[in-house]
Amino acid sequence: MIELKDVTFIHQNGVKALDGVSLRIESGETVGIVGENGAGKTTLVKHVTGLLKPSSGTVLVDGQDTRGTSTAALSRKVGVAFQNPDHQLFSESVEEEMAFALRNFGFSPELVENRVAWGLKMFGLEEYRKSSPLVLSGGEKKRLTLACILAWDPEVVILDEPTVGQDSIQKEKLAGTIRMLRSAGKTVVVVSHDIEFLWPVQPRVVVMKAGRIVGDGPASTLMLNGSLLDSARVAQPQLVSFYQALRKRPNQPFVDPLEARRWLEGESARQ
Amino acid sequence: MAEILEINDLSFRYPDSPRHAVASFDLAIPGGEIVVLAGPSGCGKSTLLRAVNGLIPHMYSGDYHGDVKVDGVSVKDATMRELAQKVGFLFQNPENQIFMFTVERDIAFGLENLGIARAEMRERVDEAMRLLGIGDLALRAPHELSDGQKQRVALAGVLAMRPRLVILDEPTSLLDPKTAAELVGLVAKLREGLGTTFLVVEHRLDLLVQVADRIVVMNEGRKVLEGPPRDVLFGDEAEAYGVAVPAVTRVQKMLARDGVPLRRELMSPAELAAEVGGMS
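Chains B and W are the protein sequences, given in the same order. Under the working numbering, think of the first position of the first sequence as 12, with each following residue one higher. Under the working numbering, think of the first position of the second sequence as 1399, with each following residue one higher.
For reference, chain W alone in the conformation it holds in the complex (with noise of 0.2 Å):
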């Protein structure tokens, strides 16, 4: 099967910066995986982004080598208007992209930009409330909704783009624990229900450690470590590269380490404390 993202030996350095943001880095990713990038902040995950939704080079110039492919597509070949209907973007901080006076038109207003056919326009952002469970709130005021619910609705403007590949800021930060907890179920059953590939920039893994596929941690624009999130965060590496370890996971690996048998899976706190309470 086709990659969905293909990125190979890219490098890319800004315009008056000694350094390059990105460099030598290398990922695939085949459809329907959902992978999160981490790495301590000013590691280079934002301008990865760009070189992946076509900002860069698109949008920022500078010294750019290498090659990055959207769905078979080369990015810096292709023009903006491809690439808005093949990645979607939702910015971590959704009042940055909400701003019609209903939902149901902010949600239509990428598919107005393109210039879709009124009927397919209407039956695409039906879909993409229903997805999101935000069918009730089509005719109400973006700006009066909860934050949980403007995430809703500006990630179903992103659906209703139909991209392959969606990604996602650090999409938890400002919502509480609950509402992330929701957002992180509804990212897995997208990714059920319509194969979708998410790429998620974020720092706390607690939440999305139990649905992710891979994690693949950048440091000073290099690739520095990939893999199922289990050898990541059992690794000795992770923490030095400022990924946030879930505690229990911390506690987990200490005993393990101490040579107390434990399976070597991510378990959850209960998980955990039902193993070392038969412990003796």
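Excised from the complex, chain B in its bound form (with noise of 0.2 Å):
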């Protein structure tokens, strides 16, 4: 579905953001990406929407080359919600706010108003419909920025630290609805520094540094992985350490705090 060629990316600056990156996600894959700040994880993200064009190699969105496909197009296909929500909230209402891309893509009038509403129950917005989307706290435009991708249905959704001004509550609905998407056959990329967040998702990681892929795998063999996360600056998900220090353990990391009481109980039984 999104296939990076030996991406190189230079800034007018001259600093290279991406330094010959070469990725495939396939349909349907949900992937994390991670690491230190400034690691070129977001630049990565605007080269799959088409806002950036490799300074070399190729990005393949769908088997179209962003070099040639228009930005437009591509939105259809690729919905993004951006880390400050500020850069893309510009609307009189949330209702607005939501409708706005949906009649664009040349949605019927029914399907806007049916989206619409779907979008603001699934996120807790009801309340906000005919508010304008500059009273809402951090958290709640973050929120928005996700409905509005959501209701015209992308193929691929990329979530740039959407877990940022979100408490815990929110969270577990944000991880329910990646779950949702990853059941619907939707691509998802979630770009965070938020490891709690994405153990329990358990996406494939990719681990950024310096403009380079360092690690790539299974969150659940990738996280055991110590040192490539120390020097990536990213730090193991604390049911991970809590795994690795345990004199005797099973032969997989604990997803969630439940798992590790079964099995804390499972043993203790058999002792």
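Treat the hints as calculated values from the structure; they're not laboratory data. Treat each hint with caution, since some may be false.
Stated by the list, open to error - Over the 12 Å line for every Cβ pair with chain W, so calculated as not near, a few chain B residues:
1. K27
2. E121
3. R215
4. Q263
Claimed, not checked - Straight-line distance between alpha carbons at most 25 Å, and here's what the computed BS3-like set of lysine-lysine pairs gives:
5. B/K57 - B/K88
6. W/K1621 - W/K1651
7. W/K1621 - W/K1474
8. B/K27 - B/K16
9. B/K57 - B/K27
10. B/K220 - B/K27
11. B/K220 - W/K1474
12. B/K27 - W/K1576
13. W/K1587 - W/K1576
14. B/K184 - W/K1587
15. B/K259 - W/K1474
16. B/K141 - B/K27
Claimed, not checked - Beta-carbon label-pair distances, calculated as ranges:
17. W/G1460 - B/K64: 46 to 54 Å
18. B/I21 - W/E1590: 55 to 63 Å
19. W/G1531 - B/V225: 21 to 29 Å
20. W/D1534 - B/D17: 33 to 41 Å
21. W/A1586 - B/K64: 41 to 49 Å
22. W/E1590 - B/S66: 44 to 52 Å
Bear in mind that the values here come from a model prediction, so they are computed numbers and not experimental data. All residues carry an ideal CB built from backbone N, CA and C; glycine is no exception.
Combine the two chains into a complex, taking the hints into account.
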């Protein structure tokens, strides 16, 4: 679905933000991108949306080279919620904000109405329907940008730091949304520093450092590699540190606290 | 010892809002504490912070009752100029508060506004840079720095004002985990060295609970929980209010509830593993 072939991107000031990145993401995959500040994660995302074109190398989305595809055509396939929601909210009301892209994509008025209602309900924003997006809290704005994107049902959903400003209940819902998208066969890419959020989602994890990909694999194995994570300034999930510190342990790390409890209970029963 | 922050029965309602954003809120923080303010999004945390740094009632009008005192001075009677020297505010995104051409000019900006004499300004800027370990960045352009460095520059600008109270609004949410851990370590160091009081709004608690003295949880404008991190996180209510109880603490709570004898202290992953590993 997404393919970067030996992509290098050099900013106008000469800084190399991506340095020979090759990455293939299949349709239906859920991928977490982690790494230190300035590693190139957001630059990579902007290449997938076509906002940036590579200095060298090729980016293919659904088989099409982003160099020859308009950003508008790409956005129908790739929905992205950027880190700072203020960069993408501009309408006079929350419902208008949601309807805007849908109308642009030529959805019928009836469908626009249905999708807006669905999105507001799904993300707990119904009470703000008529309010200006500017009165929303930081966390609510993030949810609104996500609702806007999901409303037009793109094949690829990219979330850049989606948990900023979200309390644990909202994070739990967000993880649920990602699982729902995954079961609907969507391709989901999540850029996040929030390792504790990513871990229970169990994505494929891509680790970036200084414009390069330095690690790539399923969370359950990659997160065990403490020295790799350390070098990329990424922390291990608490449950992985706990698992690795146990003298006796199961074959796979615990995905959630309940799993840890069940295993420990079983162990004490065996003794 | 006098409280650095004293909030007495504070209620505030924005002009067009049907309900109070903050309602009958009391809080007393003695000097030198690190206090975490948590609670679901939209619970009134940002409004409370505005009432502490003076934006409410000086910039935002509304229905205001009760009183907020910072370092003995009532916020509603103080000038913004006075408050700027008592309360420092670090925004979530440092880009919102750094904009000068060099790091040292940026750190000096607040002092220049107050008309501080040049020699003293120099001394305070140097001290702030030394405290944050950014002396080598003095002549660099802020926009060329990494996010972690920008955060330090913004915090240096805050500390140069020598505030008694520093408010941090989700300071780690845009930082990678290691940089976030370094910032939390720095906060603890500044508290030790300068006796500065910190009020920190944060959803990610895994790092902060190691240095915080107290967690205050808000819901619908009211204070619903308050206590040492251990008590708040071990209690049953925190999760219902959207407080992110760290994963290992959740395991610890479940085991304790199942009757496994464990120390009633917040444990790191390694500490908990050592306890249950020696269970048999």
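Results for each hint:
| no. | hint | in the structure |
| --- | --- | --- |
| 1 | K27 | 15 Å, holds |
| 2 | E121 | 31 Å, holds |
| 3 | R215 | 19 Å, holds |
| 4 | Q263 | 16 Å, holds |
| 5 | B/K57 - B/K88 | 14 Å, holds |
| 6 | W/K1621 - W/K1651 | 24 Å, holds |
| 7 | W/K1621 - W/K1474 | 21 Å, holds |
| 8 | B/K27 - B/K16 | 16 Å, holds |
| 9 | B/K57 - B/K27 | 15 Å, holds |
| 10 | B/K220 - B/K27 | 12 Å, holds |
| 11 | B/K220 - W/K1474 | 48 Å, violated |
| 12 | B/K27 - W/K1576 | 23 Å, holds |
| 13 | W/K1587 - W/K1576 | 17 Å, holds |
| 14 | B/K184 - W/K1587 | 36 Å, violated |
| 15 | B/K259 - W/K1474 | 60 Å, violated |
| 16 | B/K141 - B/K27 | 44 Å, violated |
| 17 | W/G1460 - B/K64: 46 to 54 Å | 48 Å, holds |
| 18 | B/I21 - W/E1590: 55 to 63 Å | 44 Å, violated |
| 19 | W/G1531 - B/V225: 21 to 29 Å | 27 Å, holds |
| 20 | W/D1534 - B/D17: 33 to 41 Å | 36 Å, holds |
| 21 | W/A1586 - B/K64: 41 to 49 Å | 45 Å, holds |
| 22 | W/E1590 - B/S66: 44 to 52 Å | 47 Å, holds |
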